[in-house]
Every structure is written in C-alpha cells, then in structure tokens.
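Chains A and B, in that order, give the protein sequences.
Numbering (the working numbering) for the first sequence: 1 to 272.
Numbering (the working numbering) for the second sequence: 1 to 272.
Among the clues, some could well be false.
Derived pair list, reagent style SDA-like, types lysine to any residue, alpha-carbon separation capped at 20 Å [to be verified]: (1) A:K271 x B:R113; (2) B:K271 x A:T120; (3) B:K271 x A:T85; (4) A:K271 x B:E115.
DEER-style ranges, computed between Cβ atoms [stated by the list, open to error]: (5) A:E101 x B:T116: 26 to 34 Å; (6) B:R146 x A:P143: 52 to 60 Å; (7) B:T160 x A:V81: 39 to 47 Å; (8) B:E101 x A:T52: 21 to 29 Å; (9) A:R114 x B:L170: 22 to 30 Å; (10) A:P128 x B:L205: 55 to 63 Å; (11) B:T160 x A:S26: 55 to 63 Å; (12) A:G58 x B:T160: 32 to 40 Å; (13) A:R11 x B:R87: 29 to 37 Å.
Output of the computed footprint for chain A on chain B, the stretches with three or more beta carbons under 8 Å from beta carbons of chain A [what the hints assert, rightly or not]: (14) 212-221; (15) 234-241.
Treat the hints as calculated values from the structure; they're not laboratory data.
Beta carbons are placed, not taken as given, at the ideal position from N, Cα and C, and that holds for glycine.
Protein chains: 2
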Amino acid sequence: MSQSPLHAFDRATRLVASADGSLSGSADPAYAHAVGPFGGITAATLLNAALTHPQRIGTPVALTVNYAGPVAEGEFRIDAVPVRTNRSTQHWSITLAQGGEVSTTASAVFALRRETWTATDAGFPEAPPPAGLTPLDTAKLTPWFRNYEIRLIRGRMLDTSRPADELDSLTQFWIRDEPPRPLDFASLAAICDSFYPRIFVRRPLWVAAGTVSMTTYFHADEAQLAAQGSRPVLGSARASHFGRGYHDQSAEIWSDAGALLATSHQIVYYKE
Amino acid sequence: MSQSPLHAFDRATRLVASADGSLSGSADPAYAHAVGPFGGITAATLLNAALTHPQRIGTPVALTVNYAGPVAEGEFRIDAVPVRTNRSTQHWSITLAQGGEVSTTASAVFALRRETWTATDAGFPEAPPPAGLTPLDTAKLTPWFRNYEIRLIRGRMLDTSRPADELDSLTQFWIRDEPPRPLDFASLAAICDSFYPRIFVRRPLWVAAGTVSMTTYFHADEAQLAAQGSRPVLGSARASHFGRGYHDQSAEIWSDAGALLATSHQIVYYKE
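For reference, chain A alone in the conformation it holds in the complex (with noise of 0.2 Å):
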C-alpha cells in the first residue's frame, strides 16, 4: 500500500509540540511570496495553533493576524494561549517567532456555536460558473499563487487595458487549492488573504504593498465547510480608501451554494 503524500497546505501548516508547550512549524518554501511567506498561510498556521491545542473548545469566530515582521524561511516557533475560556467561548493570544524576535502577533475567538435566527443580507455576488473562466497563469507569479487555481470574474492586477473611467478596486473569483483539497477553516483562513493589494487594481500600478493586519470572521460550520468540499469558493474584495501610504480591504467568501462562509477585513501597507 503507498502513503498517499501530505498536501502541501498541510505540510506548511503543519506544527509540532515541543516539550515547554510551544510548537515549531517551518516556512514552506512553497507558499513564499516577495518577502517572506504568502500572509494566508501565516494566517492559517497561526489558526492551526489553537485549532490543534488539547485545550480548544468550538470553532473559530474571529482571527486577527498582526504582520509585524518578515518570516524567514525555515523554522519558526509559535506560542498560542487560551487567554481565556468561558463557558461557550474562548479567547486566543497566539505569536509566532525566529530567533526569538516575534514577527507576527495574532488573536482568536472560539465559540460553541448553536442554532438562532439567521438572515444574510449581503447579496451573493452574480457570476458565471467558474467551468467557464479560464484559470489564472500562475507561472510567473510568486510561488504561493501555485497552489491554488484561480478563475478570475473581474478585477485583474494590473489590467493597464481598462478604462480610466471604469477604475474600481473590486476583484472577483473562484478560488480553490491546487491541487483540490476539502475547505476547512485553516483553508479558509488563507483564501480570505488570497486577494493581491488593491491598489494593484485600482491604480492600476505596481508598488511595494503588503498586508498590516487582517482580521476575518467566520460565518460557516464544520457541516457547511464539509459540503463545500473542494469545489471553488467564490471570493469577492474591494477597498473603501486608499491614504497616507495604507488601504483597506473588505473582502467575502461564498460557497457556490451562495452560503456566506467568512467575510474579511485588512489594512495593507503601500508605497508612493
């Protein structure tokens, strides 16, 4: 019988317990980007921490990821905290750092989540069926981008074609890993960080960008994640304000059963 071989999400998000109750994870070479790892699978390893811990109860509301410095390739140790536990929820303070200086800085809410009233009153966006869009040619993309396909609706980087008069900062897609894996929150917690700067679109013009902190809330439960399997998500972002060298990013994820899974939220640094 062969071993069938560790998805590359799970290789890079992969950690280990050591014996003073940190974890050592390493940066896969897979998911860089221009400085340091892709900022999703950062995310997604920071979430892991606590998803994975003995302690952890429910299933995560809130993350927030401070990206405070670069992370090297290679090893790295994180520290994840139950700073607190309540009686349906849980508070996360989680870090990640090299040579002991902490480079990324993150918080988690974790809740027992139970039935209610329930209403979605964003709109699922209107797009045609990723089976007819073409994916995105990652090859002269930073690494990071090969590991998912990518089916653009709208809102390339760097479109130089488009009209100055049509100039938005909205990108839509479907999004899935590549090669195909099932959605679960890690996952998911990467793809809301899979939306490049929005200045690329919205100037349309490359400068240094990069993201500060993001900060994503989870709408879906483990039923919904595992109907969606690893079929594309669709994804929706687009900026509100663009000043003083940072941007914002609001950003949603749809399962193509037009559930609303995460909505994400990010402020990114940028240059001139």
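Since the structure of chain A is already known, use the hints to place chain B on it.
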C-alpha cells in the same frame, strides 16, 4: 482662577503609570452599559495606553479589541507592550485585567504616515445636516448613551413600526461627544462602537447581545481630526450575516466635510 473640569471621556480613559511599568485606570460609572462599561470606552482606554506610552511612534492605523469577559466597576490594570518596532511601524499587544484575570485583549498597529496617492471609493452617505434632526432621547437608555449626542437619520433600534419588507440592518446618525469635545484618535475609536447591535435594527427585537471582537482602521491623520473639532461626525453601520449566535457589522465614520475618518468591523454575540 477656576480649573476647567475634566471631560467625562478624559476621566474615563485616564491612566496612571505604576512602578512596574503597568498602567492603572478605573471603569467609570458614567460610561456603564448593561454588563460592564460601553465597549467603546474600553477600546479608547486600551488605545490610550499605547498613545500615551513613552516609546510610541506614529499614529494608530489599526486597533483590534477582544472582549473576553466583563469589566467590573472600579480599578483595572493595563499592560501595553510594543512587541515590535520597525522603521515606520510599531505593533502593540495590550491587555486589561482585574484581580489577575484578563478581561480584554487588544492589538494595535501604529505608523509614521506620509503623503501618497489617495482615493476614497466608498461614497459619502446622502444625509440631511444634523441641525434639522432631533437628538436621540437617551434618558431611558443605559448611562453611556448620555455622553453622546446622536441625531438619527435612519435605523432606529427596536423600531417595530417598520414594514417587514423594509427590514435591513443599516443605521446612520450624526454623533458627537456630549458635552462637545474635540475629536481625537481615542474618541474616534469609541465612536466606532456606538452603533447598537445590528440585530436590534434588523429583526427588530431585543435579545441579549454584545460585541465580542472589534477592529478599527484609522484613515484620518491628526490634521483631519483637528479640522473636525467637536462638530458631529457621520456614522453608518450595517451587518452582512446573522447566524449561529453571531453577526458581523461594518461601519464607516465620516467627517462633516466628507472625509472617511475610520472604517470599523465587529462580530457581535446574540442569543436566540
């Protein structure tokens, strides 16, 4: 000569440095809510811990506050640590504790900001000027409301007179501190939490509800805040999804001159 009395906001967010480097403050009854203080005053106090820290550089770009447990009336301890200081950014971890138990955690990103290309894609809401709108009667509301003058444009809470087919979660109002106080980063952070839970607007029905985690992005600089002075700012907030005991909220705070001062997001617990 008489000394002018401290504004309630400055009294409630005041911190005193202890010999061990921590800060002490006190939950002010003037900002009391149903269980513990108004979340906005706690956010402002935590931000204030970084703003007044001798090692602080720059101005706030992002603030995340996690409400892990109730804050009781009386004294609390805040520890604010500049986890990492780069050339132009600084990352903070901040905790608020009472009796040795953490009740609130926060992270903040500060930055030295400089002029860059700028654009606002979000639209300034169409709204009548504040002078023609009646201030909200706060007499029967929880105490913290009386520190604000709120002139509602739309989205009253628990408005059972709304036709069922017009139910959305949008609230818009003009808001300022009462008595008037010049806007600064701390008071702007507090105002970002001044929107009552969206579920009170959307259903509209009273249920137990409260903010669990809030993230604010600051687009304003000190000059814009100074220009705004103590005149009302325009706030707008809506939810995108309600389900399994949690709903999100996205808010915008605009100057009366049409500048987007802050965008703020939160996840709110609700029962039933």
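Output the indices of the hints that this structure fails to meet, ascending. 10
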